[in-house]
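Novice: First to last, the sequence lines map onto chains D and Y. Going by this note's numbering, the first residue of the first sequence is number 1, and it counts up by one from there. Going by this note's numbering, the first residue of the second sequence is number 1, and it counts up by one from there.
A couple of the hints might just be wrong.
Said to hold, decoys possible - Here are some, though not all, of the chain D residues that point toward chain Y, as calculated from beta-carbon distances under 8 Å:
#1 Val53
#2 Ser105
#3 Gly280
#4 Met283
#5 Glu285
#6 Leu287
Derived from the structure by calculation, the hints contain no laboratory data. If you're wondering where the values come from, they're calculated on a predicted model, not measured in any experiment. A virtual CB, placed ideally from N, CA and C, is assigned to each residue, including glycine.
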Amino acid sequence: MNARVVSGLLRWCCAVAVAVGAASSAAQGGGRVDAARGDYGLAARALAPGVYVVEGANADFSPANGCNIINTGFIVTGAGVVVVNTGPSRRYGEQLRALIARTTSEPVVQVVHLNLHPDYFLGNQAFADVPRLATPATAEGMQREAKAYEDNLYRLCGDWMKGTEAVLPNAVLPLGTVRIGQRELEIRELRGHTDSDAVLIDRTSGVVFAGGLVFSQRIPTTPHAQIGQWLASLDVLAGVPFEVLVPSHGPVRADGEAIAMTRRYLQWIDRSFRDAAERGLDMGEVLRLDLPGEFRGWAAVETEFVRNVAHLYPRYEQAVLLPAKR
Amino acid sequence: MNVQAPNRRQACVALAGLGIVGAASAAADPFEGDPFKSHPWPDMRREFLGRDARVRFDGRVKVTGPAFAEDPMNVPITVSAQGIAGVQRIVVLVDRNPIRKVLEYVPLGALPIVGFRFKLEQASPVRAAALTSDGVWHVGGTWVDSAGGGCTVSGVTRKDGSWAQTLMQANARLFAGSPAVGDHGARLRLRVMHPMDTGLVAGVPAFYVSRLAVLDAQGRELLRLNTFEPVSENPVFSFDFPQRPQGALRLVGVDNNGNRVEARIE
Numbered sequence: 001m002n003a004r005v006v007s008g009l010l011r012w013c014c015a016v017a018v019a020v021g022a023a024s025s026a027a028q029g030g031g032r033v034d035a036a037r038g039d040y041g042l043a044a045r046a047l048a049p050g051v052y053v054v055e056g057a058n059a060d061f062s063p064a065n066g067c068n069i070i071n072t073g074f075i076v077t078g079a080g081v082v083v084v085n086t087g088p089s090r091r092y093g094e095q096l097r098a099l100i101a102r103t104t105s106e107p108v109v110q111v112v113h114l115n116l117h118p119d120y121f122l123g124n125q126a127f128a129d130v131p132r133l134a135t136p137a138t139a140e141g142m143q144r145e146a147k148a149y150e151d152n153l154y155r156l157c158g159d160w161m162k163g164t165e166a167v168l169p170n171a172v173l174p175l176g177t178v179r180i181g182q183r184e185l186e187i188r189e190l191r192g193h194t195d196s197d198a199v200l201i202d203r204t205s206g207v208v209f210a211g212g213l214v215f216s217q218r219i220p221t222t223p224h225a226q227i228g229q230w231l232a233s234l235d236v237l238a239g240v241p242f243e244v245l246v247p248s249h250g251p252v253r254a255d256g257e258a259i260a261m262t263r264r265y266l267q268w269i270d271r272s273f274r275d276a277a278e279r280g281l282d283m284g285e286v287l288r289l290d291l292p293g294e295f296r297g298w299a300a301v302e303t304e305f306v307r308n309v310a311h312l313y314p315r316y317e318q319a320v321l322l323p324a325k326r
Numbered sequence: 001m002n003v004q005a006p007n008r009r010q011a012c013v014a015l016a017g018l019g020i021v022g023a024a025s026a027a028a029d030p031f032e033g034d035p036f037k038s039h040p041w042p043d044m045r046r047e048f049l050g051r052d053a054r055v056r057f058d059g060r061v062k063v064t065g066p067a068f069a070e071d072p073m074n075v076p077i078t079v080s081a082q083g084i085a086g087v088q089r090i091v092v093l094v095d096r097n098p099i100r101k102v103l104e105y106v107p108l109g110a111l112p113i114v115g116f117r118f119k120l121e122q123a124s125p126v127r128a129a130a131l132t133s134d135g136v137w138h139v140g141g142t143w144v145d146s147a148g149g150g151c152t153v154s155g156v157t158r159k160d161g162s163w164a165q166t167l168m169q170a171n172a173r174l175f176a177g178s179p180a181v182g183d184h185g186a187r188l189r190l191r192v193m194h195p196m197d198t199g200l201v202a203g204v205p206a207f208y209v210s211r212l213a214v215l216d217a218q219g220r221e222l223l224r225l226n227t228f229e230p231v232s233e234n235p236v237f238s239f240d241f242p243q244r245p246q247g248a249l250r251l252v253g254v255d256n257n258g259n260r261v262e263a264r265i266e
């Protein structure tokens, strides 16, 4: 590639991005982020006795929110702490571990990764001394994608990523129900958001960590999505009794509405992409489709829909083009 | 979570839009009136449009694409010079790509509109220059930001070796009505299977579809497209016609190694 000339245009763009990012972060919450000190301002909110969520901003990755857009969590079992996902960076992992230590005197005994996406495991350096569990498909996917994840998050998040290197899972996540201390924890493996979407159900408290299958007031991410499987998994999830449902992205809810929101969005994508392909729309035209009002109000709509089109539309258009023969 | 880009690109496009219409004649301007103020532009103009080319930055040449290249190997672009009469050819150029010329489209009996995807190496203006019969190049563009790397990695079918089984196979469909011009028109979409190697990956020489044409039942050319290395793997194109062409259409084409496609569009 020839030498990159940074134009005035580019500099102007960057200045605007910082301003816009700061405004949206303030509007959409998350922790009290202190970029100068590299402090995510993580806070543990109790959902039930001994069950905590650590909520990220309901937004897109940006330096202003430290790229902390995930809801992680931890469960105090009486025989140690089970951590659910470790966040987007080494620094996040360290601050999460410190937060756990401030919250309970029990030691961390294991980490559970619910899928392969980067903010589910890039905090693992702070948990290098404990078993890190994932399904075989998730562990394999992390290994495949780790380098690209590191590069992309450095690009998007800058200094927040300093010192971050992928540390992979080192144990297989057993499916079914296990008893740890006073807790009965169930792991189910569903699919559709990725090839392997683990769901952690704390049967003792009724708190469900739904992972990437559920997006609450947030446009779903789809780089590894299969919509048909995903919808089937949402049906399974809707049949699980729970008190509180923690999606990986967006507000925690005590009802099934986040499941319904995700379902409505995926059904709309499926219907409108099929229709667009049947009408002969080019991918660039699909980018300009009108989204229903409900979805326009969700977090990350401006960036995530573009990605949904890039990931998913080629399958729909290929389905309607006919073989041309000699 | 997937990896993404901040909102800054929206602002870039808005800024670029402000400068699109304007004269290119400012002699003192080292950018020759380019609204993107892109350093490569004056050389690109000379190389691809001609030393004495007359250029007008013209908002009627609409280039639409995503603000950010989610997949830098498949950046969707639509070019439309529909607002300009007598467009003879359209050249698509990307300033900061190692190979700048993406395609050259001669609409003949089709409209001066083309949709395609291309490989973007880094954030860049993406331009279309439409030549009218008076010899003026009308230039429009958009800015696409990117994480980079679209031209210097192999495509999926090159990586897994499956390209050889499908080389030059075509899929196509003529749709009643055109999303660009309405019900009276027609849209043709087609895909040709090809690895479209840029030659910029070590040990993999440039290998790409170089020419495609669509013929009507009488063998007359309805459109002609010269394509280059930056067009995406297994390229997909959209073309629009003012009326639905009568009779069966045929696709003919060749790549730079002489492999041919000749197929009937059902």
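Novice: Quick check on D/Met283 please, does its C-beta sit within 8 Å of some C-beta on chain Y?
Specialist: holds (4 Å)
Novice: Is the interface hint satisfied for D/Ser105? The criterion is a beta-carbon contact with chain Y at less than 8 Å.
Specialist: violated (32 Å)
Novice: Closer than 8 Å between Cβ atoms is the bar; does D/Glu285 clear it against chain Y? Give me holds or violated.
Specialist: Holds: closest Cβ of chain Y sits about 6 Å from D/Glu285, inside 8 Å.
Novice: Closer than 8 Å between Cβ atoms is the bar; does D/Leu287 clear it against chain Y? Give me holds or violated.
Specialist: holds (6 Å)
Novice: Would the stated hint for D/Gly280 survive a check requiring a Cβ distance to chain Y of less than 8 Å?
Specialist: This interface hint holds because 3 Å falls under the 8 Å limit.
Novice: Mind checking the CB of D/Val53 against every CB in chain Y and telling me if the closest is under 8 Å?
Specialist: Nearest chain Y Cβ about 16 Å off; hint violated.
Hint compliance for this structure: hints 1 and 2 are broken, all remaining hints hold.
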